[in-house]
Amino acid sequence: MLAPFETSFADALLNADRPVPYGITAHNAAVPTRRFAVYRNNVVVGLGKALKSRFPVVEKIVGEEFFAAMALVFVKEQPPRSPQLALMATYFPLSSPRSNRRVNYPILQTWRGSRPRAHAPIMRPTPRPSARATLRRSIPMLSGVSASVFTPRPKSFARHIRSSRSGR
Amino acid sequence: MLLDINNVFVSAKNHGTQALTYLDSFPFDQVKEIHLGGHDEEVDDVGAPLLIDTHTSPVAEAVWTLYAHVIARAGALPTLIEWDNDVPDWPTLRAEAVTAQDILSDASCASAA
Numbered sequence: 001m002l003a004p005f006e007t008s009f010a011d012a013l014l015n016a017d018r019p020v021p022y023g024i025t026a027h028n029a030a031v032p033t034r035r036f037a038v039y040r041n042n043v044v045v046g047l048g049k050a051l052k053s054r055f056p057v058v059e060k061i062v063g064e065e066f067f068a069a070m071a072l073v074f075v076k077e078q079p080p081r082s083p084q085l086a087l088m089a090t091y092f093p094l095s096s097p098r099s100n101r102r103v104n105y106p107i108l109q110t111w112r113g114s115r116p117r118a119h120a121p122i123m124r125p126t127p128r129p130s131a132r133a134t135l136r137r138s139i140p141m142l143s144g145v146s147a148s149v150f151t152p153r154p155k156s157f158a159r160h161i162r163s164s165r166s167g168r
Numbered sequence: 001m002l003l004d005i006n007n008v009f010v011s012a013k014n015h016g017t018q019a020l021t022y023l024d025s026f027p028f029d030q031v032k033e034i035h036l037g038g039h040d041e042e043v044d045d046v047g048a049p050l051l052i053d054t055h056t057s058p059v060a061e062a063v064w065t066l067y068a069h070v071i072a073r074a075g076a077l078p079t080l081i082e083w084d085n086d087v088p089d090w091p092t093l094r095a096e097a098v099t100a101q102d103i104l105s106d107a108s109c110a111s112a113a
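Top line first, the protein sequences correspond to chains E and L.
Anchor point for the first sequence: position 90 equals 90 in the numbering used here, and the numbering is continuous, going up by one each time.
Anchor point for the second sequence: position 85 equals 85 in the numbering used here, and the numbering is continuous, going up by one each time.
So here's chain E without its partners, still in its complex pose (with noise of 0.2 angstroms):
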């Protein structure tokens, strides 16, 4: 079991509203509320950048930006249980109850593998060109999915991203 000191230190680590930790100082500053920042955006960054690349299929899909915003969300509900990041999110993507309520993207659930689910699959094979074009082809939701069902949130997740990019 964790200390408080650990917990409280885990919990401010992807929680951007929570104090900086008690004990945690800088040899300039009492409560490093800046630099304790650059430490959570290397968490939260470094744990995107290792969902990114377990799974490159989604990212091509979802498009980069939104990928980035959606691998936000999920690191902080669903921070890794293993040192091994590449166990990592096997139940990504969007399978907890918070991102789904956030973004319905049945599509996803499908191609998520790791569980069967009960209703057929959405996708069908169809011809090359691209994947996406193919999706387009023979999910005509899909098409339209990114302005009707992600907007708002993706310009101010992309803020937020954009502004969080630095540190690592």
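Incorrect hints may have been included.
[What the hints assert, rightly or not] Simulated restraints on C-beta separations: (1) N15(E) - E42(L): 43 to 51 angstroms; (2) A110(L) - N15(E): 50 to 58 angstroms; (3) K32(L) - L85(E): 24 to 32 angstroms; (4) R94(L) - T7(E): 42 to 50 angstroms; (5) V31(E) - W90(L): 41 to 49 angstroms.
Keep in mind the hints are simulated off the structure, nothing from the lab.
Values in this document were obtained by computation on a predicted structure and should not be read as measured data.
No residue lacks a Cβ here, since even glycine has one placed at the ideal position from N, Cα and C.
Chain L: place on chain E using the hints.
Only chain L this time, still in chain E's reference frame:
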């Protein structure tokens, strides 16, 4: 052991210590590889510079100076320029490698003389 000189510089600056002092007591005989890279500068809670080890820009002048200092003491060592994001065009990256090579060559000439 791998010695990341940009990281030493960034950490020393952020903690208010001297990178040169840290390096002067470093066991160079154990170092087999050196990393260099660029960093960004932001400000901390009291408005002081806060360096972020981003690998998104050219190696800073101060880091080149530290590198030359290390190579002069430790001899030529395999060196890697880290540039992971906002990767520049080839001439820019090559210029970084040439700068490192010049410093390595100077050290080799000095030790041969």
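Hints that the structure is at odds with (numbers, increasing)
1
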